[in-house]
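The opening residue of the sequence shown carries number 492 in my numbering; numbering runs sequentially from there.
Be aware that one or more of the hints could be misleading.
Simulated restraints, written as ranges between beta carbons of each label pair [to be verified]:
#1 518 to 682: 11 to 21 Å
#2 642 to 694: 40 to 50 Å
#3 498 to 609: 19 to 29 Å
#4 562 to 651: 15 to 25 Å
Below, a list of computed lysine to aspartate or glutamate pairs in the EDC-like style, where the Cα atoms sit at most 20 Å apart [said to hold, decoys possible]:
#5 665 to 684
#6 562 to 577
#7 695 to 582
#8 695 to 607
#9 665 to 577
#10 562 to 549
#11 565 to 493
#12 565 to 607
#13 665 to 614
#14 695 to 577
#15 695 to 766
#16 565 to 549
#17 695 to 590
#18 562 to 536
#19 695 to 774
#20 562 to 582
#21 565 to 582
#22 665 to 549
#23 562 to 514
#24 562 to 607
#25 565 to 649
#26 665 to 680
#27 562 to 614
Everything labelled a hint here was simulated from the structure, so no lab data went into it. Glycine residues also receive a C-beta, built at the ideal position from the N, C-alpha and C atoms.
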Amino acid sequence: MDTGFGNRQLYSACRLTITHFYEPNDHTWEPCFGTGFLVQFPDGDNRFGLVTNRHLTDIPWHTEYEDVVIKSVKIEMWQGRTLRLEFTIHDPQPLYHDDPTIDVAVIPFGPSVDTEIIGTPYEKLENIDVDPVKGLMINHGLSWPYLLECEELWPLLEPGEFVSFPGYPAWYDKLQTRPVLRSGMIASDPQTEYRRLEGDPTIKDGNRQVLFDAFSTSGNSGSPVFVAQRGLAPLPIHMTDSQGKFSPDGPAARLEVTGYHRSFLIGINAGHINDLDSGRDNDHAGLSRLHKLSAIMDILRANTLPSSEANNVRILIPKELVDALYADAASPDSTESAGTD
């Protein structure tokens, strides 16, 4: 089965280290960890947006923690398979949905990234598909045209479809700080609103939710959720001449299978659901909830700002890392690393 999942989905996930500050006693909290992913704002706004969960960025969202402010977000992400980037956004200004029960945050930054971006290469520089002097485009960020296409495909989504969500749970690949891909199945009707409990929505059971059958655990908060390709992609049908050769004019027809859609982003993981034992939370139920793509799109559209500044991202690769990489490559026991995506 061709799911449509691959490196683009896996490496869209960023590892986040988020630090908060408690102002009344001048105390910096222990950092919390989660997942996020990068998107573009609508056309005309050249900023990037880091999408993650509100419960990671807005501690006072839980009223008992008022006076706590977000101090910084460290982002670790992959540019292809062989170059890892790391940078920190200081004093971030997260954007939230007008509906306070929606657990989604978008942290805008750029278009120029005015902080030092450190690159860690896992291949000789000449084999990496970016120029660290001239800067780079973010390969695994999700473009605005792509988000619009996902929005158009949403009405095709049905219960029972296969999904995957990349991220950094406790067992992410710690050798090189790489994400892992988990999977599951849409459990509720995505064209309706799922709610675990009766009554008014809450910050733990909010609006724009879909239930999916998958184990989300600590660190997976903020993971993008993608649905798999369904059915067969349209196939071109070529005509042949009397000698059996393909016509030079290209395909003469196109075979389309009913029910097909490509893999696309459907939302953001918001956390797992516990069993209810006598009305109280107990163990992980093997179910998780996501907020729909539409919640993310609402935030991006509501906060679009015109920008004439072009995207400009520059990275620094420390000399000692380059020297070590070439020393390893020169070793008799070394082998060539895999190429970039």
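Status of each hint after checking the structure:
{"no.": "1", "hint": "518 to 682: 11 to 21 Å", "result": "violated, 46 Å"}
{"no.": "2", "hint": "642 to 694: 40 to 50 Å", "result": "violated, 25 Å"}
{"no.": "3", "hint": "498 to 609: 19 to 29 Å", "result": "holds, 22 Å"}
{"no.": "4", "hint": "562 to 651: 15 to 25 Å", "result": "violated, 43 Å"}
{"no.": "5", "hint": "665 to 684", "result": "violated, 37 Å"}
{"no.": "6", "hint": "562 to 577", "result": "holds, 17 Å"}
{"no.": "7", "hint": "695 to 582", "result": "violated, 26 Å"}
{"no.": "8", "hint": "695 to 607", "result": "violated, 36 Å"}
{"no.": "9", "hint": "665 to 577", "result": "holds, 15 Å"}
{"no.": "10", "hint": "562 to 549", "result": "holds, 11 Å"}
{"no.": "11", "hint": "565 to 493", "result": "violated, 35 Å"}
{"no.": "12", "hint": "565 to 607", "result": "holds, 11 Å"}
{"no.": "13", "hint": "665 to 614", "result": "holds, 18 Å"}
{"no.": "14", "hint": "695 to 577", "result": "violated, 31 Å"}
{"no.": "15", "hint": "695 to 766", "result": "holds, 14 Å"}
{"no.": "16", "hint": "565 to 549", "result": "holds, 16 Å"}
{"no.": "17", "hint": "695 to 590", "result": "holds, 13 Å"}
{"no.": "18", "hint": "562 to 536", "result": "violated, 25 Å"}
{"no.": "19", "hint": "695 to 774", "result": "holds, 16 Å"}
{"no.": "20", "hint": "562 to 582", "result": "holds, 5 Å"}
{"no.": "21", "hint": "565 to 582", "result": "holds, 11 Å"}
{"no.": "22", "hint": "665 to 549", "result": "violated, 27 Å"}
{"no.": "23", "hint": "562 to 514", "result": "holds, 11 Å"}
{"no.": "24", "hint": "562 to 607", "result": "holds, 17 Å"}
{"no.": "25", "hint": "565 to 649", "result": "violated, 36 Å"}
{"no.": "26", "hint": "665 to 680", "result": "violated, 36 Å"}
{"no.": "27", "hint": "562 to 614", "result": "violated, 34 Å"}
Going down the numbered hints, you'll see the structure goes against 1, 2, 4, 5, 7, 8, 11, 14, 18, 22, 25, 26, 27, while the others check out.
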